[in-house]
Amino acid sequence: MVIWILRRLGYMVITLFLVSLLTFFIIELAPGSAVDSEISRLRAMGSTVSTQQVEALEEQYGVNDPWIVKYGKWAGGLVRGDFGMSFAYRQPVADVIWSRFGLSVALALGATIVAWGIAIPVGVYSATHRYTLADNIITLIQFIGVAIPEFLLALAVLVGAVQFGGIDVGGLFSNEYRNAPWSMDKLLDMLAHLWMPLLVISVASTAWLTRVMRANLFDVLGQQYVQTARAKGVPERKVIWKHAVRNALHPLVMTLGTTLSVIIGGEAVVSIIFNLPTTGQALLQTLIVKDTYVAATLLVMLSALLIIGNLVGDLLLMWIDPRARVLD
Amino acid sequence: MTTRRRASGGSRAGDRRADDLGRGSSDAIITVRDLQVEYKTTLGKVNALNGVSFDVPRGSVLGVVGESGSGKSVTARAIMQILERAGKITDGSIVFRRPADDRRESTQQEDELEAALDSSGEVDITRLKPTSDAMRAIRGSEIAMIFQEPMSSLNPVYTIGFQIQEAIRLHQNPDKKESWAQAIDMLDQVGMPNPARIADSYPHELSGGMRQRAMIAMALSCHPALLIADEPTTALDVTTEAQILALMRRLKEEIGMSILFITHSMGVVAQLCDEVIVMYQGRVVERASVEDIFYHPKHPYTRSLLRSIPRIGAAEHTPLEVIKGSVPDPYTKVSGCSFHPRCPDFIGDVCRTVIPPETLLPGAERHGVRCHLYDDERALAGSTTEASR
Amino acid sequence: MSTAQVTGAGLDEGTDTGAEAEVVVADSKVGEVSQTQLMYRRFKQSKLAIVSLIVLGLLYLSALLAPFLSPNDPVQVDQAYKYAEPSSLTWSSGPAMCTVKQEIDPVNISTTYVKDCSNPIPLQFFGHGFDYKVLGLIPTDRHLIVAPEGDAKLLLFGADGQGRDIFSRTLYGGRVSLTIGLIGVAIATILGSVMGTWSGYAGGKTDTLIQRFIEVIMSIPTLPLWATMAAVLSPDMSVTKRYFLMTLILALVAWAGLARQVRGKVMSYAKSDYVSAAKSAGAKSPRIIVTHLLPNSASHIVAVSMLAIPAAIIAETTLSFLGIGMVEPAISWGVLLKDAQRIDVLQQYPWVLLPAVFVIVAVASFQLLGDGVRDAVDPYS
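Line by line, the protein sequences give chains X, E and D.
So for the first sequence, this note's numbering puts the first residue at 1; every next one is plus one.
So for the second sequence, this note's numbering puts the first residue at 1001; every next one is plus one.
So for the third sequence, this note's numbering puts the first residue at 2001; every next one is plus one.
Honestly, the hints are just simulated from the structure, not real lab data.
Every residue gets a Cβ at the ideal spot worked out from N, C-alpha and C, and that includes glycine.
There's no promise every hint is true.
To be verified - Derived DSS-like pairs: lysine-lysine, alpha-carbon spacing no greater than 27 angstroms straight-line:
1) 1045(E) <-> 186(X)
2) 1045(E) <-> 242(X)
3) 1129(E) <-> 186(X)
4) 1177(E) <-> 242(X)
5) 238(X) <-> 1045(E)
6) 1045(E) <-> 2241(D)
7) 242(X) <-> 1088(E)
To be verified - Here are the in silico distance ranges between beta carbons for each label pair:
8) 2241(D) <-> 184(X): 53 to 59 angstroms
9) 2047(D) <-> 1129(E): 52 to 58 angstroms
10) 319(X) <-> 1185(E): 29 to 35 angstroms
To be verified - Residues of chain E clear of chain X, computed beta-carbon distances all greater than 10 angstroms:
11) 1058
12) 1082
13) 1088
14) 1124
15) 1139
16) 1141
17) 1149
18) 1167
19) 1249
20) 1295
21) 1311
22) 1332
23) 1353
Same shape as in the complex, but just chain X (with noise of 0.2 angstroms):
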């Protein structure tokens, strides 16, 4: 099992591996190059940028050296933790990084347990009580929610919020805690001011994920032995909840890893509108500026997020379902 796991790790690294590269290549196809446009904007902003400078920056970017020795330069400084300089937020990237690497984990996880608990019992109702009233109310409000593209929901959150909550709902603290050292106050402050992003963020996979729970149910309702459970005499409370969700639970694991990526897309977005600050806003900004080498770095600490989830799905997955604990 360990060395299954340590296998599995190692795949890992060279999966990660192979992001960069492709996420590299991407960045690389930009037109220009990532200095031309900081160039450009020191140049907008008015002052004036000799070619020494020019040729300095294109020195310390390698702009000019071939693409292998450029990806070295870059993925090498990656290993080593040290993320250059990023234009866009005029410091180091890794001071920038970590602080929201967290926060986006925060979001993810908690993003993935709101769904998964909302999804399981009220898919579960729905598969028992098909086609009750309940049941298409639930239907309709799953149809809505996997429909509303993500930024809308959150700006309809955020205007709603602010016309009648008269909440201050922009960004991780409010005024007074942003500087604030740390104190219960100041985390009962972030977590009000988190709350919603996240519910937003888990919308669009609680709905599908309710979806595909009551359809797996329904399947698994039918199958022989819920019927030889109710032979046994079991209750029936307990056949449902031992023998047959458990099984439906199965395609839910196995889709861990689309439902991943929809919450780490998700939060990017919202975040960018809830103006929090997370790995996700920052990939989503430094795109928009131009600031390519520092996206690339974020994109591959997403991916990085991504797939340990999907290890732990597995993981999951094999703990779950003993046919699935044959190792190769």
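Given the structure of chain X, go ahead and fit chains E and D onto it with the hints provided.
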């Protein structure tokens, strides 16, 4: 031709005759009378059972034979009250007689069941709600059931031992260790090699025959008085089937277990059963001892079934016997005798319009037929009919 | 219905000879209906899917006929109508609209509009409006509804920050938003099917290589990947070029998931008996793939890709909203919604969100349609 004025639901006179057994002898562990089951589907109402009556005698094997759609499985599920949601018992009775010497642990469900049983230790299952505690006390504990597909009948995510233990803990002994030991013992009794290891295995790790044995162990773990087997060997190869049948015979002989064995194979019936009932379109068309069924079949359907079995050693190039036509669409109701469109012994209007009552043929052993050919009352008027042709 | 006569088979007891029974043999319908017909029939059973199909048909039609249906030129800037409300419609021997006058308050630097319904301006059907070419060929200036030439502007959805008619822009926006997803997914389907089939059928090293590649792509969260690819496009690209590249970007990511699904299907079919039979009959691989594997997987592939279209539409909308998808002067629903990014704008001029309704309707309809197709094609999944 005089037409008999009879309600299409079967006449009182006919039933009275079949009911010569009255409420069934106290020798029968289950007595089913006029059981009607209806299924509501989006395409209409289906009468799955149209008045089924039979007895399961204590300590013997009753075979239930019929084509798909005849209602064999529905009968079994009705007895266990595990019909699918769309199904409902709309009429009739199922009387379960618990053996007098039966000792049971006192659990909450057991107390409910005790309350439900009347003075003679009987209870009408149709009067119990499917989700009631009393019914759950019966299921698995007094009456147990095994199903056709052993792979899909066992929950793939729990070990064999766990699933057997669950039944024991529900009905007999809540203690974890003891119930586990009992489970292993049960596996041993059904002839499993290395029962302790099997108990720790998952269904997908076992072969088909072993899974079916595990199912039997699970069903027997609470020492039920009646075992209902719904085509348990259909999905198995012949060798394994022989082993399972031998196991069942042993159970009957050693512990006097009553078995209701559902099958569509006459060969299995010959090997295992003591009495047989033949079902067609939700009715029992013939019931008799196994010898009578094979050597003196009366109902045209039974006879066609037997004739359609290909015989080794028959002359070459003899065409296979078939029963003409096919089982009718369950949504349509066939008037009169439901077999009449396909019956080789069709006699005329009476078959088309009147549902034959069950006639008990004279003889030492009980032999009932639902067919106008043997209908005494019709025979009385028979001379009139003959004359009018 | 054919009947056959069966004479009594002469058993021992009590049968009359010469008795007749009607044996009904129903006509067998097996083998008479093709698989496509079966699927079509099942599809028709789902009313929701039919409704969605109609709704989508209307949406696409409106996109096709956008110039005809638009009362105003979508690109025409008009400061006199900056953030104007939707026009109030009344009746005055026919549909008419109230006039609106802009008033600028120099003190607060705010723009308000004064409505005047005393002299409603009647609307013209098939009236004259801005010039356009039908299907790019035939020049005309007729539109479905138009305010007569003059000062009044018919603003069914109000106007945006530059005074442009949101309704017209929404219709024109549909041309981009509804087609990028469709074409992108179509390309992804072809690419994914080919790669998936090749991978699944060839097996061995080719399979491993392609699978690795797919894994790498799928290890990157989808939206961020799209965003990264879109952001590297140069900002001074022509609208058409950008449109095609955006489509390509969508396809280059979506094919991976599809290929994986196709591969799974192909691998399970490749083990089936009819393929073995074909092989032993001497059929060569291309023939097996084309004749046996593809038709079986085709329906499943169609069902899966249909469900990818809503995701593509949402993706384009989101990216354009962020400014890295389609950009001005292109018109797409995402571009229109970019205006709604600022809360103060949203609060004061909520009609800028109206294009969102179109997005939601389109996506929901595609979802329902996709479900209907999937159920028709594979009711056991």
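Each hint, compared with the structure:
Distance restraint check for residue 1045(E) and residue 186(X): the Cα-Cα separation of roughly 65 angstroms exceeds the 27 angstroms cut-off, and the hinted pair is therefore not satisfied. Straight-line distance between C-alpha atoms of residue 1045(E) and residue 242(X) comes to about 33 angstroms, which puts the hinted pair past the 27 angstroms bound. For the hint pairing residue 1129(E) with residue 186(X), the CA-to-CA distance comes to about 57 angstroms; that exceeds 27 angstroms, so the pair is violated. For the suggested pair residue 1177(E) and residue 242(X), the alpha carbons sit about 21 angstroms apart, so the restraint of at most 27 angstroms is met.
Distance restraint check for residue 238(X) and residue 1045(E): the Cα-Cα separation of roughly 31 angstroms exceeds the 27 angstroms cut-off, and the hinted pair is therefore not satisfied. Distance hint between residue 1045(E) and residue 2241(D) is unfulfilled; the C-alpha atoms sit about 61 angstroms from each other, more than 27 angstroms. Taken as a hint, the residue 242(X) and residue 1088(E) pair is honoured in the structure, with Cα atoms around 26 angstroms apart against an allowance of 27 angstroms. The given range of 53 to 59 angstroms is respected by residue 2241(D) and residue 184(X), whose C-beta atoms sit roughly 55 angstroms from each other.
Between residue 2047(D) and residue 1129(E) the beta carbons are some 36 angstroms apart, a value that contradicts the proposed interval 52 to 58 angstroms. In this structure the hint that residue 319(X) and residue 1185(E) lie 29 to 35 angstroms apart at CB holds, the actual value being about 30 angstroms. Consistency note on residue 1058(E): stated as away from chain X, and its beta-carbon is indeed over 10 angstroms from all of that chain's, at 21 angstroms minimum. Separation of residue 1082(E) from chain X is inadequate, the least Cβ-Cβ distance of about 5 angstroms not exceeding the 10 angstroms criterion.
The beta carbon of residue 1088(E) is kept farther than 10 angstroms from every beta carbon of chain X, the shortest such distance being approximately 16 angstroms. Listed as a non-interface residue, residue 1124(E) keeps its Cβ farther than 10 angstroms from every Cβ of chain X; the least gap is roughly 19 angstroms. Here residue 1139(E) does not stay apart from chain X, with its beta-carbon only about 4 angstroms from theirs, under the 10 angstroms limit. Residue placement check: residue 1141(E) does not keep its beta carbon more than 10 angstroms from all beta carbons of chain X (closest about 6 angstroms).
With 10 angstroms as the threshold on Cβ separation, the claim that residue 1149(E) sits away from chain X is violated: the shortest Cβ distance comes to roughly 6 angstroms. Listed as outside the interface, residue 1167(E) is inconsistent with that label: its C-beta sits roughly 5 angstroms from the nearest C-beta of chain X, within the 10 angstroms cut-off. With a minimum CB-CB distance of about 23 angstroms to chain X, residue 1249(E) clears the 10 angstroms threshold, and the non-interface call stands. Even its closest Cβ contact with chain X, about 35 angstroms, leaves residue 1295(E) beyond 10 angstroms, as expected for a residue assigned away from the interface.
Listed as a non-interface residue, residue 1311(E) keeps its Cβ farther than 10 angstroms from every Cβ of chain X; the least gap is roughly 35 angstroms. Distance to chain X confirms residue 1332(E) as a non-interface residue, since its nearest Cβ pair spans about 26 angstroms, more than 10 angstroms. Consistency note on residue 1353(E): stated as away from chain X, and its beta-carbon is indeed over 10 angstroms from all of that chain's, at 39 angstroms minimum.
Violated hints for the displayed structure, listed by number in ascending order: 1, 2, 3, 5, 6, 9, 12, 15, 16, 17 and 18.
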